[in-house]
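K.L.:
Residue numbers (our numbering), protein chains in the order written: chain A, 1 to 235; chain B, 1 to 244.
Calculated from the structure, these hints are not laboratory results. Just so we're clear, the structure is a prediction, and the values are computed from it rather than from any experiment. One or more hints might be untrue.
Pair ranges (Cβ atoms, derived) [what the hints assert, rightly or not]:
no., chain 1, residue 1, chain 2, residue 2, range
1, A, Gln9, B, Lys12, 42 to 48 Å
2, A, Pro2, B, Met201, 47 to 53 Å
3, B, Val33, A, Thr144, 51 to 57 Å
4, A, Pro2, B, Lys28, 33 to 39 Å
5, B, Lys63, A, Asp21, 53 to 59 Å
6, B, Pro68, A, Val111, 31 to 37 Å
7, B, Leu65, A, Pro100, 32 to 38 Å
8, B, Lys63, A, Ile179, 27 to 33 Å
9, B, Met201, A, Asn47, 21 to 27 Å
10, A, Thr134, B, Leu65, 37 to 43 Å
11, B, Leu67, A, Gly113, 48 to 54 Å
Glycine is no exception: its CB is placed at the ideal position from the N, C-alpha and C atoms.
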Amino acid sequence: MPTFFERRQLVTPGDLIAEGDYIAGENTYSENNKTYASRIGIVEYENKKVNVVALRAFYIPRVGDIVIGTVVEVGFNGWTIDINAPYQAHLRASDVLSRPFKPQKDELSQVLGEGDLIVAKIVAYDRTHDPQLTVGEPGLGKITRGQIVKIIPTKIPRVIGRKGSMISMIKQETGCQIILGLNGVILITGKTPEDEELAMMAIHKIEEESHTSGLTDRITQMLKGEKTKREEIEK
Amino acid sequence: MSQKAEKLIDKKGIRLDGRKPDELRPIKIEVGVLSNADGSAYIEQGKNKILAAVFGPRELHPKHLALPDRMVLRCRYHMAPFSVQERKSPAPSRREIELSKVIREALEPSIFLEYYPRTAIDVFIEVLQADGSTRCASIVAAALAIADAGIPMRDLVVACSAGKVDDTIVLDLMDTEDKMGAADVPTALMPNLNAITLLQMDGILTLEEFEKAVSLALEGCRRIYALQKEALKTKYVSIKEDEE
Chain A
1 MPTFFERRQL VTPGDLIAEG DYIAGENTYS ENNKTYASRI GIVEYENKKV NVVALRAFYI
61 PRVGDIVIGT VVEVGFNGWT IDINAPYQAH LRASDVLSRP FKPQKDELSQ VLGEGDLIVA
121 KIVAYDRTHD PQLTVGEPGL GKITRGQIVK IIPTKIPRVI GRKGSMISMI KQETGCQIIL
181 GLNGVILITG KTPEDEELAM MAIHKIEEES HTSGLTDRIT QMLKGEKTKR EEIEK
Chain B
1 MSQKAEKLID KKGIRLDGRK PDELRPIKIE VGVLSNADGS AYIEQGKNKI LAAVFGPREL
61 HPKHLALPDR MVLRCRYHMA PFSVQERKSP APSRREIELS KVIREALEPS IFLEYYPRTA
121 IDVFIEVLQA DGSTRCASIV AAALAIADAG IPMRDLVVAC SAGKVDDTIV LDLMDTEDKM
181 GAADVPTALM PNLNAITLLQ MDGILTLEEF EKAVSLALEG CRRIYALQKE ALKTKYVSIK
241 EDEE
């Protein structure tokens, strides 16, 4: 039962990774007892499971994910939300109003208009139905201030870091609140625009250098360096 | 015809552009050239210059075209008005519509269409300069653009043509050879699965000649596959270097 690539080697779609008794994991598929890559990425083995960490992918909704989306259409009993995925999501009026929705009385565009940004959670999604969102939980709802950063969705885990080390460090250093949408959209709210800019810079750096090791330390250094530079300018 | 045919290959067996019968034209491939598309690729094969852009998977409009069990692959092969000697009308011609279909069918088996039902993938192929075998070069670029968009694929698709010019079976026909030659056999292949996804023949060949042309075209496909793979990896090579 041979494998044809070493750990962390680059593969392209169709590359034969392993033959024999292996389980096809992420971004791979099996045919005739052979495991092939289905996306460009880096090979990882996990006992008998073969995974490919994709370098290029798009966001696929999953129930329970927190996402950040844009209102694209105000319908007659809810909103259509673009969540940066192949499917557009729906948000029901009754969910937002937290009371029975009366089409004669309630004007939906006054609650959420086209172009408004929301933080929401996916409550239902499968192959046959578009994702359904909710904002009825603490921390969810319309975004009123802050900055938005978009990155490739596959890089969100890198921004979080091991056990949240990266994200908590950025929050601490910049004093910003950061909400990560798993669809690759990040909301940063800080006390000053400068703080927000600093956090944005850090996130862009993570996206660019997501594949390198010792990144948390380098980002910490960068943030501290930028902070002292700014203090000097102020003086 | 015999007078013209004599000119296509000289006594030493060298073709009009100085190639041997089983030689490919010089190929240059680049991936990720467009920032507004989800995936893109650019190929130069001899004088051919072709750009491919991919969008999706995304919501399909008009919605009634959506399929409940799989994605819809839409393909547009288009030649720029300045791509040929005499200005080509920008409106899609009969030939372009047919090639769009042929290319779509060559790419379809390589994509896991059943993964994201009710959505669409759009492939746009723009021929900036044409010099024979554009459908093959288009397939090579389009497959790369699809991989670059992060769409799950069974395999890449490569394509190459072979044909008969002056009673000789030659590889990778250019425009004059295509027009003056006796036959043209464009072939597309999924190299790792060893499956042919496109096989056409324009002209007349004996059974033996046909078999020889197909095996030569497949040999060409495998050579182009090495270049295609290299181009896709080049975009991410810095990642590996940093790793080491």
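K.L.:
For every hint, state whether the structure bears it out.
P.N.:
Each hint tested on the structure:
The given range of 42 to 48 Å is respected by A:Gln9 and B:Lys12, whose C-beta atoms sit roughly 44 Å from each other. The hinted window of 47 to 53 Å between A:Pro2 and B:Met201 is violated, with their beta carbons roughly 39 Å apart. At about 39 Å, the beta-carbon gap between B:Val33 and A:Thr144 misses the expected band of 51 to 57 Å. Between A:Pro2 and B:Lys28 the C-beta distance comes to about 35 Å, which sits within the given range of 33 to 39 Å.
In this structure the supplied range 53 to 59 Å is violated for B:Lys63 paired with A:Asp21, their Cβ-Cβ distance being about 44 Å. For the pair B:Pro68 and A:Val111, the supplied restraint of 31 to 37 Å holds, since their beta-carbon distance comes to about 32 Å. Checked against the given bound of 32 to 38 Å, the beta carbons of B:Leu65 and A:Pro100, roughly 37 Å apart, stay inside it. At roughly 32 Å, the beta carbons of B:Lys63 and A:Ile179 sit within the given window of 27 to 33 Å.
For B:Met201 and A:Asn47, the hinted distance range of 21 to 27 Å is not satisfied, since their beta carbons lie about 49 Å from each other. One distance hint, 37 to 43 Å for the beta-carbon pair A:Thr134 and B:Leu65, is violated here, with the actual separation near 31 Å. For the pair B:Leu67 and A:Gly113, the supplied restraint of 48 to 54 Å is violated, since their beta-carbon distance comes to about 33 Å.
Violation of the numbered hints given earlier is confined to hints 2, 3, 5, 9, 10, 11; the remaining hints are satisfied by the structure.
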